[in-house]
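**Q** Given the structure of chain A, go ahead and fit chain B onto it with the hints provided.
2 protein chains.
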Amino acid sequence: MANPIEFFFDFSSPYGYFASTQIEVLAGKHGRDVQWRPFLMGATLKLMNLPPNVEIPLKGDYARHDFDRTARWFGVPFRTPEPFPVATVAACRAFYWVDAQDPKRAKEVAMTLYKAYFVEGINISDAENVVKVGTSIGLDADALRAGVGEPTVKERLKAVTDEAARRNIFGSPFVVVDGEPFWGTDRLPQVEKWLANGGF
Amino acid sequence: MANPIEFFFDFSSPYGYFASTQIEVLAGKHGRDVQWRPFLMGATLKLMNLPPNVEIPLKGDYARHDFDRTARWFGVPFRTPEPFPVATVAACRAFYWVDAQDPKRAKEVAMTLYKAYFVEGINISDAENVVKVGTSIGLDADALRAGVGEPTVKERLKAVTDEAARRNIFGSPFVVVDGEPFWGTDRLPQVEKWLANGGF
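Chains A and B, in that order, give the protein sequences. Positions 1 to 200 (my numbering) are the ones given, in order, by the first sequence. Positions 1001 to 1200 (my numbering) are the ones given, in order, by the second sequence.
The following block holds chain A by itself, in its conformation from the complex (with noise of 0.2 Å):
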């Protein structure tokens, strides 16, 4: 089988929300798997000395208009949480503590932090919310509770994050392809191109 897709995102960034509820379609259509990489897009921000999207003078109220029209354009329910953006170390943990013992029921994890902070509006970097939303896909809030606080799911965290800034892995979704790197929503189309042509 073909490489996996590799798909980074950060929890606290609506056009993650959005790739991860078009990118298992898109790869399944071209016989390839999809590697779920959450990392902390903050930290990354920081190398770049940039704010987040939203605390730009100009670019920040057309941000949050255009995250409701594309979730319109997708078709997919979404609310702009308060607060928002937030931390998402504990998120994160848990979505690694599950990916190490199972990378399939991982995604499930992720899909449904994604939902509870992007549909439901619960503020998912209180660790606690994060533990209710585990246990209300079956996850044991003790074990959960327990994992996130490993050693081990914190270096590995923090490896996928470092990982990340050193090859230019900048931004929320960004994708890559047998190396090829794509940054945004709006290069699934581009993706999808890559994909059925190898390349173009």
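It is worth saying that the hints were derived from the structure and are not from the lab. Quick reminder that beta carbons are idealized off the backbone N, C-alpha and C, glycines included. No incorrect hints appear here.
Below 30 Å or equal to it, Euclidean Cα-Cα: the simulated BS3-like pairs (lysine-lysine) are: (1) B:1193 <-> B:1104; (2) A:154 <-> A:132; (3) B:1115 <-> A:59; (4) B:1193 <-> A:115; (5) A:59 <-> B:1154.
Covered stretches of chain A (in silico footprint by chain B; criterion: 3 or more residues with CB under 8 Å from a CB of chain B, positions within the stretch not fixed): (6) 49-58; (7) 64-72; (8) 180-186.
**A** For chain B alone, coordinates are given in the frame of chain A:
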């Protein structure tokens, strides 16, 4: 006839150039005219406290890669010029001098300036190069040289650039359809859907 589409762009913006190759056909399909409105994005970036994309750490290299791939996506000739980006005051003024007399002809000026910079690598920050590009499509060199220095032309460019900032038009290309703002070449599919359905 329905309102014209407003097409804001910077002459030093690759994505503005890509959009310029698409916007007339797209608008025409939906019975719309296009009002071309070059402005000085540098002034807007200052208000946003942002450097040009290619000067942002991590993002810069990706941006150059994406320019080339997006040119292939649209099937249009392109080469990142050197120097890049450049000041576009002379190019904008030449446009508005012609635009005051003949808006249709001004579009030809714009397309020729874009081609000069992004296909032929001519440095259009140099006012004499702008004059040369103008003469290549039959404009009179002396009249153009005098025209770009006219106070009304200078005023016009300043007014459009100020208007862009006032209306939160912060990037290039930036398309406005009946008041609805769309930033980026990658939003043209959303522009198309908006035009087809009168919103979505």
